[in-house]
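Participant: Numbers -19 to -1, 1 to 131, taken from mature numbering (1 follows the signal peptide of the UniProt record, and there is no 0), label the letters of the sequence shown in order.
I should point out that these hints are in silico values taken from the structure, not numbers from a laboratory. No experiment lies behind these values; they were computed from the predicted model shown. Among the clues, some could well be false.
[Said to hold, decoys possible] When the alpha-carbon atoms are kept at most 30 Å apart in a straight line, the in silico DSSO-like pairs for lysine-lysine are as follows:
id	residue 1	residue 2
1	K61	K99
2	K61	K26
3	K26	K99
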Amino acid sequence: MLRRCVLLIVSLAAFPAFAAGRLVVDDAWIRAAPPGARMLAGYAKLTNAGDAPIVVTGATSAAFGDVSMHASVVEDGVAKMRPLPSLNIAPGATETFEPGGRHLMLMQPAAAMATGAKATIALTVEGGGEVAAEFVVRDGAPEAGAHDHH
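Throw the hints in and build the complete structure from the sequences for me.
Facilitator: In structure tokens form, the structure reads like this:
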């Protein structure tokens, strides 16, 4: 009986990391801002590579004093920003943080974030897991389908 209890506890303790491990972060970037800017925005594609729903509940980073999820919406013809308490990602689905829509609000950068700078941001998954990704500062949105021609 004790052995079964120990196995159950170990299994449950490992679940959040297992669930978080199915979240894949691609195309992670931060829009460059003028020197001294105290607020930036982060974008990425989040894919649920697992067979169970994933709920992203927040984000943290040592590179910023505060990180939160927001959504840009238009209400009565006026663009507004609203906090996004969570982001549900269905199995096999991809959700996007993108300019003009959902994004990560990155406040109080610890250092200058010039083009080419990198910051690690950890996305928190419901149940206690985290997925860390490296975000790169870019001058603007990457072009869709962009590739080099030689």
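Participant: Assess, step by step, whether the Cα of K61 is no farther than 30 Å from the Cα of K26, and give holds or violated.
Facilitator: Holds: K61 and K26 sit about 22 Å apart, inside 30 Å.
Participant: Does the alpha-carbon distance linking K61 and K99 stay inside the 30 Å limit?
Facilitator: Status holds; Cα separation ~28 Å.
Participant: Starting from K26, check that the Cα of K99 is at most 30 Å away, please.
Facilitator: holds (17 Å)
No hint from the list above goes unmet by this structure.
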